[in-house]
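With chain B's structure known, arrange chain S on it following the hints.
Protein chains: 2
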Amino acid sequence: MSFWKRLFSNSDAFSTDHNKNLEGELLTYYTASRGSGQSPGRPVNERRIVLSTDPDIDLYDLEELCDRVGWARRPLRKVRKAIRYSFLVVSMWEVRGKRRRLIGFARATSDRAFNATIWDVAIDPDFQNQGLGKALMKYAIEKLRAEDISNITLFADPQVVNFYRRLGFMVDPEGIKGMFWYPD
Amino acid sequence: MSFWKRLFSNSDAFSTDHNKNLEGELLTYYTASRGSGQSPGRPVNERRIVLSTDPDIDLYDLEELCDRVGWARRPLRKVRKAIRYSFLVVSMWEVRGKRRRLIGFARATSDRAFNATIWDVAIDPDFQNQGLGKALMKYAIEKLRAEDISNITLFADPQVVNFYRRLGFMVDPEGIKGMFWYPD
Numbered sequence: 041m042s043f044w045k046r047l048f049s050n051s052d053a054f055s056t057d058h059n060k061n062l063e064g065e066l067l068t069y070y071t072a073s074r075g076s077g078q079s080p081g082r083p084v085n086e087r088r089i090v091l092s093t094d095p096d097i098d099l100y101d102l103e104e105l106c107d108r109v110g111w112a113r114r115p116l117r118k119v120r121k122a123i124r125y126s127f128l129v130v131s132m133w134e135v136r137g138k139r140r141r142l143i144g145f146a147r148a149t150s151d152r153a154f155n156a157t158i159w160d161v162a163i164d165p166d167f168q169n170q171g172l173g174k175a176l177m178k179y180a181i182e183k184l185r186a187e188d189i190s191n192i193t194l195f196a197d198p199q200v201v202n203f204y205r206r207l208g209f210m211v212d213p214e215g216i217k218g219m220f221w222y223p224d
Numbered sequence: 041m042s043f044w045k046r047l048f049s050n051s052d053a054f055s056t057d058h059n060k061n062l063e064g065e066l067l068t069y070y071t072a073s074r075g076s077g078q079s080p081g082r083p084v085n086e087r088r089i090v091l092s093t094d095p096d097i098d099l100y101d102l103e104e105l106c107d108r109v110g111w112a113r114r115p116l117r118k119v120r121k122a123i124r125y126s127f128l129v130v131s132m133w134e135v136r137g138k139r140r141r142l143i144g145f146a147r148a149t150s151d152r153a154f155n156a157t158i159w160d161v162a163i164d165p166d167f168q169n170q171g172l173g174k175a176l177m178k179y180a181i182e183k184l185r186a187e188d189i190s191n192i193t194l195f196a197d198p199q200v201v202n203f204y205r206r207l208g209f210m211v212d213p214e215g216i217k218g219m220f221w222y223p224d
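Protein chains in written order, with the working numbering: chain B, 41 to 224; chain S, 41 to 224.
Same shape as in the complex, but just chain B (with noise of 0.2 angstroms):
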């Protein structure tokens, strides 16, 4: 199956019409400049924020997305091995016609049934601060709900700590706490 047709059977776009999960105040901001008096059908030149949950992202599209971000490069190799053991892969494109571009990721690790961990969230830095990130979360948690998930864990850089706080993520909730081992 082409990238276009997985992109978009297995994706949801911030527009009017495939409006089912997400916020109308996102939706009007991120719903691109819309036919005015022009002829039925998608304009040519629309821009449209699209969430896919399809994994087969191209390991060069995301290695440069987290350049952007300012992460430090890990083989290659690995990522797609991470990605193909992740449970859900979630992928934010910036399309415009026919070009496409990713914005954002993240992925999540489950046992899927109780328990999810969220990595690698990823939002472009000419992206940020326009609620594009939120809209990321919200959808991975929506889609790890779907599947009955009920606790969804993440570990949180201190600067973003606050973001996912407004999501309704709790630090240390009845005092559990986040521990890391790392190799000597």
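Hints should not be assumed to be uniformly reliable.
[What the hints assert, rightly or not] Restricting the straight-line Cα-Cα distance to at most 27 angstroms, the calculated cross-link-like pairs of lysine-lysine (DSSO-like) are:
#1 Lys178/B to Lys121/S
#2 Lys118/S to Lys178/B
#3 Lys138/B to Lys174/B
#4 Lys138/S to Lys121/B
#5 Lys118/S to Lys183/B
#6 Lys118/B to Lys183/S
#7 Lys178/B to Lys121/B
#8 Lys121/S to Lys183/S
#9 Lys178/S to Lys121/S
#10 Lys121/B to Lys183/S
#11 Lys118/B to Lys121/S
[Said to hold, decoys possible] Output of the computed footprint for chain S on chain B, the stretches with three or more beta carbons under 8 angstroms from beta carbons of chain S:
#12 111-123
#13 145-154
#14 190-201
#15 204-212
For the record, the hints were derived by calculation from the structure and aren't laboratory data. Only a predicted model underlies this, so the values are computations on that prediction, with no experimental measurement involved. Heads up, the beta-carbon is just placed ideally off N, CA and C, and yes, glycines get one too.
For chain S alone, coordinates are given in the frame of chain B:
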């Protein structure tokens, strides 16, 4: 394959002749009453503590262990699924002659590349404070490290934070916070 065959093909026993990985101190401690002056071979009533990565665990054995630890019961259907989709399942058994008893458990979700998260660490209260939880966790860490997973995480209740600290786990390194999202 019978339970016993599987158990011993996927297991590490704490006895001197199977010593590969674990600390001499523990091995000595947990190696059972070894036959003194008896004929060669394993004494019939020898007590051994055996660690296994076989995920095929009797769910009623596991439920009994969780009951003894005081955890709320969970639907066996979901427990089965969670075990199936865990990357690593570690169990600890007390073995006396032909009898075996599940005395410890832990499992980990993982992307098999970068991150693993350990869940459901349980040691039978009758067997606590003997170093077995430490042995179980070291075994789990060793198995994850053998898969080249470098970031091992968990969420620790307040009363076990120091236990995990002694194993080398750090709370909030560089200000990274464990966060939880629960349904309303």
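Margin query: If you test the structure against every hint from before, which numbers come out violated?
Written below: 4
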